[in-house]
Every structure is written in C-alpha cells, then in structure tokens.
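Please construct the entire structure, taking both the sequences and the accompanying hints into account.
Chains A and B, in that order, are what the protein sequence lines are.
Heads up, the first sequence is in our numbering, so the first residue is 1 and it goes up one at a time.
Heads up, the second sequence is in our numbering, so the first residue is 1 and it goes up one at a time.
These aren't lab readings, by the way, just hints derived from the structure by calculation.
Any given hint could be a false lead.
[What the hints assert, rightly or not] Here are a few chain A residues that face chain B, going by a calculated C-beta distance under 8 Å:
| hint | residue |
| --- | --- |
| 1 | SER20 |
| 2 | ALA23 |
| 3 | ARG31 |
| 4 | ILE49 |
| 5 | CYS52 |
| 6 | PHE53 |
[Claimed, not checked] Pairwise CB distance ranges (calculated):
| hint | chain 1 | residue 1 | chain 2 | residue 2 | range |
| --- | --- | --- | --- | --- | --- |
| 7 | B | ARG353 | A | GLY10 | 25 to 35 Å |
| 8 | A | SER11 | B | LEU70 | 30 to 40 Å |
| 9 | A | THR84 | B | ASP97 | 45 to 55 Å |
| 10 | B | ASP408 | A | GLY75 | 45 to 55 Å |
| 11 | B | ALA61 | A | GLN3 | 15 to 25 Å |
Where a beta carbon is used, it is the ideal one built from N, C-alpha and C, also for glycine.
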Amino acid sequence: MSQPHFSFDGSQIPFRPGQSVGAALTAVGVRSWRSTRGAGRPRGLFCGIGVCFDCLIVVDGRPNERACLRLAEPGMEVSTQEGTGHGDLEV
Amino acid sequence: MTSKSERRFDVLVVGAGPAGLAAATSATRAGARTAIVDAGVAPGGQYWRHPAPSEHGVSAAEVAHLHHDLATYHRLVAGLPAVAQFFQHHVWTVTRDRRGFVVHLVDRTGGGEQAVELHSRRLVLAPGAYDRQIPFRGWDLPGVMTAGGVQALLKGHGVVAGQRVLVAGTGPFLLPVAAGLAESGARVVGVHEAASPPAWLSELGAVIRNVGKLGEGAGYARVLARHRIPVRARSVVVSAHGTDAVERVTTMRLDHQGRVVPGTERTVAVDVLAVGWGFTPQLELPLALGCATRVDVDGSLVCEVDDEQRSSVEGVFVAGEACGVGGAALATVEGQIAGAVAAGASSVAPRLRRSRAALRRFAQAMHRSHPVPPGWVDRLSDDTTVCRCEEVPFGALRSMQQDLVGHDGRSAKMLTRVGMGYCQARTCGYAVSCILGQEPSGTSGFAERPVSSPLTLGALATSCPTENDPPPAE
Ligand SMILES: Cc1cc2nc3c(=O)[nH]c(=O)nc-3n(C[C@H](O)[C@@H](O)[C@H](O)COP(=O)(O)OP(=O)(O)OC[C@H]3O[C@@H](n4cnc5c(N)ncnc54)[C@H](O)[C@@H]3O)c2cc1C
Ligand code: FES
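This is the structure we're talking about:
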C-alpha cells in the first residue's frame, strides 16, 4: 500500500492515516506554517490539543483551521497562512 | 441525524477522558440512559490519548508502551457500547429547559460543522485541563511547545516532536514526557525541574499512601537513567533563542526562594523545548452554568464539589481535573462516583471514597512541592510576548499599569487587547492575572468565555430552536 500524501505549499507531504496535518508536517521537519498578523512572526504547534490557536493553517482554501486537530486526508491542499488568512479581503 | 427521542438522556457526560469514561460506564451500569460527548476522535482523553481509528494508520498497539494502566482503559471502554456516543462533537454551550439541560453541540464528524442539541436530566462535566504556561523570552518561537502537546503528538499521532529536546517546567508530568521521547528515539538533553527535591521528601507521607503512583515515577526514573538523561532540580529555562525556530535555550539555577542565581546561565542546543507548569482546568461549561468555584492549592480556579461530586448547581456533577488537577487515577475515581450518583445510586462505595481521599492527598502534596517559582515576571523584557494571539508584549501591560490605577483584567483587555484573541486567554490568562497582581486565575474575567470554542456562524444558523421541540413523553 503506497503512503497517502497531501500537498503543502506545493510539496508533497506523506502521512499515516490518523495523523493530524500538524503532526505530519512535524514528522517531515516543518516547524511553522503561519505568520502572525502583527509582526509577521512564524508560528506552528504550541499546545498540540486545540487550545492555543497558534497552529492556524489554510486547508483547501479555508483559513484558520487548527493543524493540530485537523486530520490529514489524501489529496488535501494545505498552505501557509499569512496574517488573518483572508488575504485580499484585508484592508 | 438521530430522532428526537434518541436525543434525550438521563445522564449526559461531557468529556471522554478517564473521568468521563468512568462516569458514563458507571451511570449506565446503574441503569441510566446515558450519553457521552467528546470533541476528540476516540475515547481516552489526554491520558489514554489514542490515534484516530483507521486502516493502515498509526495503531493503538504502536503507542501502547507509552500508556499506563491500559487495563482500566479497556475495562471502561468495554462499557461504552451501552452508551450513546458522540465523538468529534464539541459542546459549545449548555442551556436549560423545563426538564433539565439542553446541550448544544457542533458535530464535526463530516469535516464541516453541523449544530446538534441533546437533552438530559443531569450532566456530568469532565472537560479536563490544559497545560499551564508562563511567558519567557523567546517562548513564541516555533519549536517551543507545551509538555502536554509534545506528549499528545507522540501518543496520538506517533510523531516525535524533535531530535534534541529539553523538557522543563515543574511537576511529575515532566517525567513521562521525557521518558516517552527518549523511548521513541529523541535525544532528551535534560529535564529541568524548578522544584527542589527536599520539598518532595517533606510530602513523603502522602506519597507513600500512593504506592502505585510512586511505582510509576520509579519506572520513568529508570528509563531516564538508562538513556543517561540528566535531571536537574531547581533549574528553569529563562530564554529560548533562534531566528525562525528555537535553536538554543538558556537555563539558570534557582535558589531556595525560587529566584535565579546570577552567573549560572547555561545554553544548550535544542530543536524542541517542551515546557509545562502544571495544568489549568477547562472551566467554561461549569462557569456558564453558574457552578461555584474555589482556588485550589496549585492556584488554579476549580469547581467546588461535594462528597458525591455534585456542583453547586442542581443536576450538574463535575469530575476529573475540572474539580482539582490530580491525575488520571483520581479522575477515574471521581468519574465513577459522579456517574453512579447522577444515575440515582443512593450511596457511594466506601472503597471509592477512601481511594479518592488518598489520591487527593497525593495531588495536594504534588502541588505544594511543585509551585511556580516567583520571580518569572522580573525576567520579562518589554518586548517579551505575553499574549501570543494578539502579540501583546509585556511592555504594553507594564505601561498600562503605570498609567492607570485600579487596573483589572477587564481594563487590561480593553486597553492592550491582551487575552482577546482566538484562544480567549486560555494560554496567557494565568500569567496576565499574576502580572496584574491578582489572584492567579481568580475572578479577573480571564476564565469565563461565552462559547467554549469558536464556531462558524453557519453552524449556529443550522441550530434548531428548542422552543419548537415537542414536550417529551414521560
Ligand atoms: C495535552 C495533555 C497531555 C497529557 N498527557 C498526560 C499523560 O501522558 N500522562 C498523564 O499522566 N497525564 C497526562 N495529562 C494530564 C491529564 O490532565 C490527565 O491527568 C487526565 O487525562 C485527566 O483526566 P480527565 O478525564 O479529567 O480529563 P481529560 O483526559 O483531559 O479529558 C477531557 C476530555 O473532555 C473533552 N472536552 C473538553 N471540553 C469539551 C467540550 N466543550 N466539548 C466536547 N468535549 C470536550 C476533551 O476533548 C477531552 O477528551 C495530559 C494533559 C494534557 C493537557
Ligand atoms: S497547537 Fe494549539 S491549537 Fe493547535
């Protein structure tokens, strides 16, 4: 059985079913996938259980998903979240 | 969607950790029509955290060696088929109707969000806790994680958080975290425990009455020794360094008053820092229902319960970390008591009362010997982030304090936006209360949250109004 993958900013990330997006990224050494709204600082997993909202990420075009909770699925398109994740909507 | 009659219960348990699982199985055993709800994908909570069930995925067997007392887990889970189960369902609020409680859930089983309501005469709230944190320079760098988060990655996803990990903070929980990492191939460069060993000895009486617990600790100590992991008492991490992720951390020794000793800085290379200062109970639901609280020995706000786990609100029982942080064994006993009494049992087995008393003594001894050492506020610089969500630096809080008299949590929120982000002060609430010089996690408005989890307006819109529900047939 070949291992399933999702894409992250264009690269293919392997995962094992049952792993969260954040866990799969951590397993391949990716530590951050968000820049903060103010200072644009990188953030990744902190609490690991859905409490801190530091791990926000864009999944299939939807921003503000918690990478520590969202289970990885084959073919998902995941990308870095800049600021609020609402890009051009920002004023 | 289940039919209306399938959504009415005698006892509804929120949380499927040790406390909730025990409550649900003992309530069904006592003959109550019981439901259990948990936001997670599988039963077990934080202690018996399991990977999402899947074919070819991370298997429960793979993480079994990281678990303790799996026999209890299997016994509790064996009782679940008789319980209506709602996993991946998040309770966002609870209201009342004539017959009891209306529990409002968001069903996330399909990937989206769907609103669901369940009705129950009585509630057992067992929502658990999350890692307590205090800010320090560099704690917002990626790679700095909560000790619980590192553990959750390992137990729940089979992923080792980093290659070179330093574990720090205080409390017996640091040991299983370090041992689990080492057993899974990470290099643990040190365990830095802020407490001093003599504090332990003075609490030995309570410890000895909990031989099981002591055995667990000795097991971890053996693992740490086998991997030659240095364990340093009276040592804290004062800063994390790195550009886009943590690369190094600096530790310092503490004196007997818990203040850092100048000149004792040591800097060590890491790719992950796992840090925890005990736990903060998750109180949104009990607070929303008006349950009375008290400040526990560890400074946490917890629910007040009587000998039978009843809260101050008729029909609402609370069990596990939410009524005092004390570990999984205590949570299990409290859950057993709460579930049975909520189901109408007339008495509680003396054996359960005795074991709860002993485990509580043990927990209190642990809290007394693992305080958050004073002085951490003095180590913050003006540019140290305090509120991670809103990026509020310590300097903003300090200048607000200088400009204002009679400052409190509310004005701090208004003026600096501290605690106003997505996490609703779960992460910084304890620290901000301390900085403002208030009772830690006291009544400063940092523990109450109108909804226990952000949810989309779409999910709210699908919520069906309760008034239209037909009166239930008795
Ligand atoms: C991240 C983390 C990891 C931990 N790992 C360990 C460990 O490895 N070993 C150890 O000894 N202790 C561990 N602990 C300590 C832990 O608190 C245990 O003592 C024990 O799990 C407590 O049991 P409990 O039943 O009170 O709560 P928990 O086990 O925390 O269970 C509470 C459950 O309630 C659910 N819940 C909460 N609110 C809602 C809601 N509104 N809607 C739906 N569901 C909800 C949660 O999803 C959770 O599953 C950990 C704690 C944390 C925070
Ligand atoms: S890491 Fe805290 S919410 Fe995901």
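Does the interface hint hold: is A/SER20 within less than 8 Å of chain B, judged Cβ to Cβ? Where the cut-off is 8 Å and the nearest Cβ of chain B is about 6 Å from A/SER20, the hint holds.
Honestly, do A/SER11 and B/LEU70 meet the 30 to 40 Å range at C-beta? Between A/SER11 and B/LEU70, where Cβ atoms are some 37 Å apart, the hint holds.
Cβ separation of B/ASP408 and A/GLY75, checked against the hinted range 45 to 55 Å: For A/GLY75 against B/ASP408, whose Cβ atoms are near 50 Å apart, the range 45 to 55 Å holds.
Minimum beta-carbon distance criterion (8 Å), A/ALA23 to chain B: 4 Å, holds
Kindly confirm whether 15 to 25 Å is satisfied by the beta carbon distance between B/ALA61 and A/GLN3. Given range 15 to 25 Å: holds, Cβ gap about 19 Å.
Quick check on A/ARG31 please, does its C-beta sit within 8 Å of some C-beta on chain B? The hint holds - A/ARG31 has a Cβ within 8 Å of chain B, the shortest such distance being about 4 Å.
Return the status of the interface hint for A/PHE53: holds when the least beta-carbon distance to chain B is below 8 Å, violated otherwise. With a minimum Cβ separation of about 4 Å from chain B (threshold 8 Å), the hint on A/PHE53 holds.
Could you check the hint for me, namely that B/ARG353 and A/GLY10 are 25 to 35 Å apart, CB to CB? 60 Å, violated
Should the hint that A/THR84 and B/ASP97 are 45 to 55 Å apart at their CB atoms be regarded as holding? Since A/THR84 and B/ASP97 have Cβ atoms about 38 Å apart, the given range 45 to 55 Å is violated.
So, A/ILE49 near chain B? Judge it on the closest CB pair being under 8 Å. 5 Å, holds
Under the criterion of a CB-CB separation shorter than 8 Å, is A/CYS52 in contact with chain B as hinted? 5 Å, holds
Hints 7, 9 from the list above are not met by this structure, while the remaining hints are.
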